[in-house]
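First to last, the protein sequences are chains A and B. Add 130 to a position in the first sequence, counting from 1, and you land on the number used in my numbering. Add 7 to a position in the second sequence, counting from 1, and you land on the number used in my numbering.
It should be emphasised that the hints constitute simulated quantities derived from the structure, not laboratory data. Please read these numbers as outputs of a predicted model, since none were measured by experiment. Warning: the hint list may mix true and false statements.
[Said to hold, decoys possible] Which bits of chain B does chain A cover? Going by a derived footprint, with three or more residues having C-beta under 8 angstroms, they are: (1) 120-129; (2) 192-199.
[Unchecked claim] Here are the simulated lysine-lysine pairs, BS3-like style, with alpha carbons at most 27 angstroms apart: (3) A:K258 <-> B:K197; (4) B:K205 <-> B:K145; (5) B:K98 <-> A:K258; (6) A:K258 <-> B:K127.
Here a beta-carbon is modelled for each residue, glycine too, at the ideal position from N, C-alpha and C.
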Amino acid sequence: MIRHVLRVLLFMVGLPCLAAAETPAVSVADAWSRPATGTGVIYATLHNNAAVADRLIGASSPLARHIGLHQTSEMKMPGMSTSMGNMPMTGSMTSMKAVLSIPVPAHGTTSLAPGGYHLMLDLRRDLKPGETVPLRLRFARAGWVTTGAQVRPIH
Amino acid sequence: MTVDPVTTPRSRARVITFVLIVLLLALSAIPIVALWRAFGPKVIVAPDFALIDQDARPFKLSGLRGHPVVVFFGYTHCPDVCPTTLAHLAKAVHSPTVPGDEHVVFITVDPDRDSPSVLKRYVRLFDPEFIGLTGSLKSLEPVYAAYHTARQAVPNNHGPNDYSIVHGTSLYYVGRDGIMKGFGSWEDDKPELTQDLKRFQ
């Protein structure tokens, strides 16, 4: 009898969890990568369907020893020349820094895209065009989200 | 009776005026040329360099004279900017609207990790015709200086071999004559790049 009640209770608790799993708080779209050797990259669009802000805090893939969250930013190097002769150069440098998390605003979208946020993969093997990189993204609130990143051919 | 038009006093005066104007224009061209040389666009020969290519063979930029060349500095452990740039260039050089004999030269800013064989595996991901160059830091530093670029290693958190490199991201367009024709940005995609490749021959 007690066992039966427990079973019903578990079921009642489990139902909302299942419902939550069907409409994830954060969804990941258009995850893609490039053919790579040694170091790889993943870009994606993160949608937060919840009314509270979330953060991407980690990622893992069986194809990578580890995955870092990174951000590229443009910087001006003090003293760096901005011209050669009198032809103007952009004079810009890009720096890439590891970040602890990537914010995804409430009901908002964060793009991981060239020149901004991206995932850096320390690859176990080369990535071939057309294959899919299995990927799990970990969010502070939404937990783990499973997706796959398409390796887009260069041409 | 016929009058010789050249020998009449009026037409002679006209000829003299014409000659004077031509002389004045010619004389004023001298300071204009001098001013142009001083303040006009300067012709810069792309600094030559001798490095090692992805097949461990010696390479000189001047060896590509006669071809347009795009020079770019980067490193193979760069996940974002360098592959984005090389992917854009790979698409642009295969565009039917560019001459097609351009060379893309990728010079490492990370000679410790980028050996010729590492560079070979890397550049052929984008285009087997791309040239990847390395060398000792001693031989590379004058090249960075000559191209007004810089590099700075920044440690990451997975051991001593895990580091990023801050580096200049200009594209350098060298013409067939070895003259520096202009610069581009790493963010330029196919439309801008094909336009630049057509302009900077």
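Now for the hints, and whether the structure bears them out:
Counting residues of the stretch 120-129 of chain B whose CB lies closer than 8 angstroms to any CB of chain A gives 3, so the stated coverage by that chain holds, three being the minimum. As drawn, the stretch 192-199 of chain B meets chain A at 3 residues by the rule of a beta-carbon pair under 8 angstroms; at three or more, the given contact holds. Taking the CA atoms of K258 (chain A) and K197 (chain B), the gap is about 23 angstroms. The hint holds against a cut of 27 angstroms. This hinted pair does not check out: K205 (chain B) and K145 (chain B) have alpha carbons roughly 35 angstroms apart, beyond 27 angstroms.
Between K98 (chain B) and K258 (chain A) the CA atoms are separated by roughly 18 angstroms; this keeps the pair inside 27 angstroms, and the hint holds. Taken as a hint, the K258 (chain A) and K127 (chain B) pair is honoured in the structure, with Cα atoms around 16 angstroms apart against an allowance of 27 angstroms.
Of the hints listed earlier, the one the structure fails to meet is number 4.
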